[in-house]
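So the protein lines, in turn, are chains A and B. According to the working numbering, the first sequence is numbered sequentially starting from 205. According to the working numbering, the second sequence is numbered sequentially starting from 205.
No lab work stands behind these hints: they were computed from the structure. These numbers were taken from a predicted model, which means no experiment stands behind them. Each hint should be verified, as a subset may be incorrect.
[To be verified] A few chain B residues that don't get close to chain A, going by computed Cβ distances all over 10 Å:
| hint | residue |
| --- | --- |
| 1 | 208 |
| 2 | 233 |
| 3 | 312 |
| 4 | 334 |
| 5 | 402 |
| 6 | 459 |
| 7 | 465 |
[To be verified] Here are the computed distance ranges between Cβ atoms for each label pair:
| hint | chain 1 | residue 1 | chain 2 | residue 2 | range |
| --- | --- | --- | --- | --- | --- |
| 8 | B | 462 | A | 226 | 43 to 53 Å |
| 9 | A | 297 | B | 462 | 32 to 42 Å |
| 10 | A | 379 | B | 479 | 57 to 67 Å |
[What the hints assert, rightly or not] Partial selection, computed: residues in chain B whose CB lies under 8 Å from chain A:
| hint | residue |
| --- | --- |
| 11 | 207 |
| 12 | 210 |
| 13 | 347 |
| 14 | 351 |
| 15 | 378 |
Don't be surprised by glycine CBs; every beta carbon is placed ideally from N, CA and C.
Number of protein chains: 2
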Amino acid sequence: MTINAAQYLQEKAEIINRALDEYLGGRESLLRPVMEYSVLSEGKRFRPVLVLATLESLGRQPESALPAACAIEILHCFSLIHDDLPCMDDDDYRRGRLSTHRKFGEAEALLAGDALVIQAFEVISSPFLPDWATPEKKIRVIYELSSAAGVQGMTGGQYLEIAHKDAEIDEALLAEVHRLKTGAFIRCALRVGGILGDASRDDLDALTSYGESIGLLFQIVDDILDAEKKDEKISFSSFYGIGEARNKASEAAARAEEALSRFSGKKELFRQIVGFLLERKR
Amino acid sequence: MTINAAQYLQEKAEIINRALDEYLGGRESLLRPVMEYSVLSEGKRFRPVLVLATLESLGRQPESALPAACAIEILHCFSLIHDDLPCMDDDDYRRGRLSTHRKFGEAEALLAGDALVIQAFEVISSPFLPDWATPEKKIRVIYELSSAAGVQGMTGGQYLEIAHKDAEIDEALLAEVHRLKTGAFIRCALRVGGILGDASRDDLDALTSYGESIGLLFQIVDDILDAEKKDEKISFSSFYGIGEARNKASEAAARAEEALSRFSGKKELFRQIVGFLLERKR
């Protein structure tokens with residue numbers, strides 16, 4: 205059966221959207237609308253869909269992973285809110301709408317981000333959800349999320365970027381900022397899927413390599429598509445130029461294929477995702 | 205044996221300080237010094253010491269609870285950093301030193317707070333610490349931490365406070381802001397200690413009530429001690445006046461005593477803590 209990655213991503217994104225509404229929490233809080241504005245807006249839901257795709261490729265029911273998948277997306281949204289704040293990138297717009305602090309105010313955006321990062325861990329640990337994983341697996345998932353999001357991951361990457369905003373960029377710094385800021389979370393999605401899907405150690409290694417490669421591929425293509433906007437930032441397209449950045453994207457795609465050759469599960473969906481990422485236009 | 209609460213708090217605070225240095229993470233990150241500045245500064249360590257005191261009162265070794273105790277303190281420090289930011293309370297000083305954003309910059313303080321909130325969950329879930337609790341208990345601890353810190357707890361309380369900064373304060377709002385912003389975390393310390401110390405259901409209920417009462421006591425006395433500074437904020441001393449606030453503190457102490465009468469463990473240390481909180485001068 206041929207799988208169309210674009211269609212798969214879109215179908216699963218709708219499932220993620222419904223689950224996010226359920227898992228967002230804070231229904232009695234005045235802060236909920238601010239959280240909703242960021243999380244329930246349009247988004248590709250690429251990271252959480254990767255969790256579901258991993259379960260599927262391991263021959264498991266993907267739905268059991270929805271709390272973990274949504275926690276990853278909630279953490280992603282938290283990082284976007286704080287990244288847009290005036291003391292960071294000072295972005296007025298996000299996904300075609302006013303950024304959260306421009307819509308609600310700075311303190312409101314700060315606290316909505318704080319509430320979201322904490323909510324991600326509450327979703328995983330909540331005793332009020334139907335049983336979806338053993339405590340052992342939940343703890344492993346929480347470790348993956350926190351190490352990918354924290355000082356050795358996404359947050360550390362954001363710091364590295366602002367710490368070097370006036371510095372000369374070299375290849376190593378570009379790779380490290382990307383690895384921490386974007387790569388860690390896409391890698392995390394694959395590993396969380398692998399843990400929940402009982403991947404063998406070898407398969408978890410292959411999934412990790414695949415995740416690292418498509419994370420890089422995702423970011424390079426993002427930079428190419430945003431080339432006009434990203435001239436001043438640490439970006440693959442501004443560092444290498446568009447032509448060479450495309451070569452780097454193809455290399456990352458090849459490494460993803462190589463990782464799949466070591467994966468014992470179903471490969472077709474993951475192959476389609478590589479092609480989709482390489483060809484995508486937005 | 206008579207226990208001196210002040211001495212107990214001080215001795216255990218030193219143990220907490222050493223453990224915090226170990227659990228803080230990010231040793232290879234440029235962000236670590238910013239995290240250290242906030243977390244390893246002077247602090248009463250009241251919340252983590254309460255976790256240890258609970259284990260002790262249940263007849264358990266308190267040291268096994270150090271990761272959870274430190275996670276609570278790390279979350280407390282995260283909230284202080286973000287609370288001091290210009291868009292929130294805009295405080296230039298904290299614990300007699302420059303606040304984190306005044307010392308390092310706003311983006312640095314924002315990201316250090318973000319790294320800390322995530323680090324708290326990484327400490328609990330880390331596979332690299334010697335075995336200190338079962339996965340079941342760790343998940344319960346993570347749920348207690350996240351629900352006390354998030355939108356239904358501390359972060360929600362901070363939002364409630366800023367949302368009403370120009371509004372008329374009434375008794376219910378004052379109680380709710382306190383319950384969420386300060387109370388939830390002290391209550392959480394007692395519950396985490398109870399969970400790790402295998403408290404019975406009845407004892408966990410008693411510990412919860414005790415925690416709620418000493419949380420209120422702690423905040424009222426804090427407000428009285430800070431009366432001059434807190435005129436403009438939601439504070440027990442400015443709302444009730446000092447004399448009536450003292451009566452409220454005594455009532456909270458009496459409720460804490462009442463909760464202890466339902467606790468089957470050792471009560472002496474907890475009794476001393478009530479007296480200490482009632483009498484403290486800073």
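Hint check results:
1. 208: For residue 208(B), whose nearest Cβ neighbour in chain A is about 36 Å away, the distance exceeds 10 Å, so it holds.
2. 233: 5 Å, violated
3. 312: Not fine: 7 Å to the nearest Cβ puts residue 312(B) too close to chain A.
4. 334: With a cut-off of 10 Å, residue 334(B) remains clear of chain A, as the shortest Cβ separation is near 15 Å.
5. 402: Given that every Cβ of chain A is farther than 10 Å from that of residue 402(B), nearest at about 16 Å, it holds.
6. 459: Non-interface label on residue 459(B) holds, nearest chain A Cβ at 25 Å vs cutoff 10 Å.
7. 465: Since the minimum Cβ distance to chain A is about 29 Å, residue 465(B) lies beyond 10 Å and the statement holds.
8. 462(B) <-> 226(A): 43 to 53 Å: 39 Å, violated
9. 297(A) <-> 462(B): 32 to 42 Å: 55 Å, violated
10. 379(A) <-> 479(B): 57 to 67 Å: Hint holds: Cβ distance 58 Å, inside 57 to 67 Å.
11. 207: Cβ of residue 207(B) sits 33 Å from chain A, so the hint is violated.
12. 210: Violated - the Cβ of residue 210(B) stays beyond 8 Å from chain A, reaching only about 32 Å at its closest.
13. 347: 4 Å, holds
14. 351: 6 Å, holds
15. 378: 16 Å, violated
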